[in-house]
Amino acid sequence: MELVLSIAIGVMTSCGIWLILRPRTYQVIVGLSLLSYAVNLFIFGVGGVKANVPPILGDDVAASALADPVPQALVLTAIVIGFATTALFLVVLLASRGLTGNDHVDGRNEPR
Amino acid sequence: MTGLMHHLIVAPILLPLVASAILLLVDERRRTTKAMISLGSTVLLILVALVLFRTEIGQGDFEGVYLVGNWAAPFGIVLVLDALSALMLLLTALLAVSALVFSLARWHAVGAHFHSMFQLLLMGVNGAFLTGDLFNLFVFFEVMLAASYGLLLHGSGPLRVKAGMHYIAVNLVAALLFLIGVSLIYGTAGTLNMADLAARIPEIEPDRRMLMEAGAGILGIVFLIKAGMWPLCFWLPTAYSAASAPVAGIFAIMSKLGIYVILRLTMLLFSEGPSASFGTVVLLYGGMATLIFGTIGVLASQALGRLAGFFVLVSSGTLLMVIGINDGAISSGALLYLVSSTLSISAFFMLIELVERGQDAGASVIAVTMEAYGDAEDDEAAESEGVTMPGTMAILGICFAACAVLLSGLPPLSGFVAKFAMLSTMMGTGAIGVPPTAAVWALAVLVILSGVAALISMTRAGIRTFWSSLEGTVPRVLVIEVVPVLFLLALTLALTVQAGPAMQYMDATIRSLSRPSLYIDAVRDAVRIPGYRDAATNGDAEGR
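Chain order of the listed sequences is D and E. Mapping of the first sequence onto this note's numbering: residues 1211 to 1322, in sequence order. Mapping of the second sequence onto this note's numbering: residues 12 to 555, in sequence order.
Hints listed in this document are in silico derivations from the structure and should not be mistaken for laboratory results. It is possible that part of the hints are untrue.
Derived CB-CB ranges, DEER-like [what the hints assert, rightly or not]:
no.: 1; chain 1: E; residue 1: Val293; chain 2: D; residue 2: Pro1233; range: 44 to 50 Å
no.: 2; chain 1: E; residue 1: Gly201; chain 2: D; residue 2: Ala1272; range: 15 to 21 Å
no.: 3; chain 1: D; residue 1: Lys1260; chain 2: E; residue 2: Gly511; range: 36 to 42 Å
no.: 4; chain 1: E; residue 1: Ala501; chain 2: D; residue 2: Thr1287; range: 50 to 56 Å
no.: 5; chain 1: E; residue 1: Arg42; chain 2: D; residue 2: Lys1260; range: 53 to 59 Å
Yeah, the Cβ is synthetic: ideal placement off N, Cα and C, and Gly gets one too.
Take the sequences, apply the hints, and build the full model.
Below is the structure:
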């Protein structure tokens, strides 16, 4: 389980980093999305990977069998904020496309 | 601070939040109403910041811990007001009111929702200064950044959209690094409350310590991006010079927010124990590189906007080096420098727009450079109504000269006092008498050199703008545009006249910062307010 999670985080991070270094705005935004998925999984992972255990301490739950609720709360916040900022970036990207007429991050095509 | 006064601590966050929410409901065409609400909120913010600041004067111990939600410290959200955060809150409020008044002349009308975003930016900045745990720092950072994305794009135009896109991309990546850093620290230390974290860090076992330090390092990168440390600073001059004048004026506090967090975390988390002085080497050399880069940039800049952007880097570089050297006496001089340089850079950003208004946009810039940084913006708003400033060129010239004096650190204004306070302690003429180390020598030389560079550059720009201006047109400048600039410059004058009390406050601030146990104990011992639920449980217990 841990291995699968680590590989998934690694693959998404490396794809994301490659994409945000590309010159087209659409590639950058896809790269940012991939990176944010990787980071969300990473935050989820630091709490320890546990299956089928509740995050809330109840009467019939042993404290040792508890999933850490804090990273889960952090992930929720991070997803919401990441989603909003990505949407905003998308708008800026479209504005830039409209103003400059191409989708290069610097607003101009490099000489061929 | 007792009773209702205690609740004032949360006011710098709530006030702008409520104001921005109300502003969203007001129709965009009712500009006067919007401006009045926004101005009212900002003026109230100054009053709140002044009251909070006064409670911190001459008070060594902490009382400013506010438990939001009334949960005990490591579990609930906590706001902490100390001498440093009170100072930064006051500085933010003063910059905010100047930038806001400046914007009322014309800038607030060139796009939608200016006032809402401005208030949200204030909320984020104030929250980041007050918060006592790392994850809320992230949330407030994001609130601030989201507002700043909107504000940077305010006024639109190809140049702003391009600079804004780079700015947003850089900051989105920074936000992801922030999350990685925070989660690494949580995974190793098991807490995100700064005070609790400071108490736990010495107890972390060696095999996890490395992970914790990696997390702290990644977290540090985020704030260094914000502060503009070389080589993470290439976005900064472009973004700041592309922003509209009042926005750039308030953005001056955002790079200081990065400095603030680094100062706070270094002093609190890494002052003692096995991780002591973690990262100070990076801050020292990074600050040095930033200072050199900023100085070269100041000399090389032709456009005034970029010049101001590089002054931000010079200021950041100096402060980072001082934090890296980590010497109490130099640090208190540096705090004065922080206040003085923020005020003067903010005034300079607003002044630039007034000075350049009369000129053909970019006339003073060599054509090649213009091409490299994009075409001149074309945002001629309709001629705004209002009282025109008499004797425009004379007043603008005096303001420009004052900015030059402040930024290069010449007497008599506060830029000189601050640099003198730093340099005199560096050279050991104070009570210490210790010969300066190599790092201190490097800092002293670079600070003086950056001052010379600032003087050269400002003189050149001043001659070109005021004396050898090709067109003889006098810009049409309104009174409410000059008053904020004069206000900020008057503040630096006040800082010069009251340099003694100001330095005492800075000394006290650094002294309390260098004793992290004060902060830790204050947060841990914060007493919950007995609420109705406690009363109910007590009643039950007595009933049985």
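Going down the list of hints, with the structure as the test:
no. : hint                                : result
1   : E:Val293 with D:Pro1233: 44 to 50 Å : violated, 30 Å
2   : E:Gly201 with D:Ala1272: 15 to 21 Å : holds, 19 Å
3   : D:Lys1260 with E:Gly511: 36 to 42 Å : violated, 60 Å
4   : E:Ala501 with D:Thr1287: 50 to 56 Å : violated, 42 Å
5   : E:Arg42 with D:Lys1260: 53 to 59 Å  : holds, 55 Å
Checked against the numbered hints above, the structure violates hints 1, 3, 4; every other hint is satisfied.
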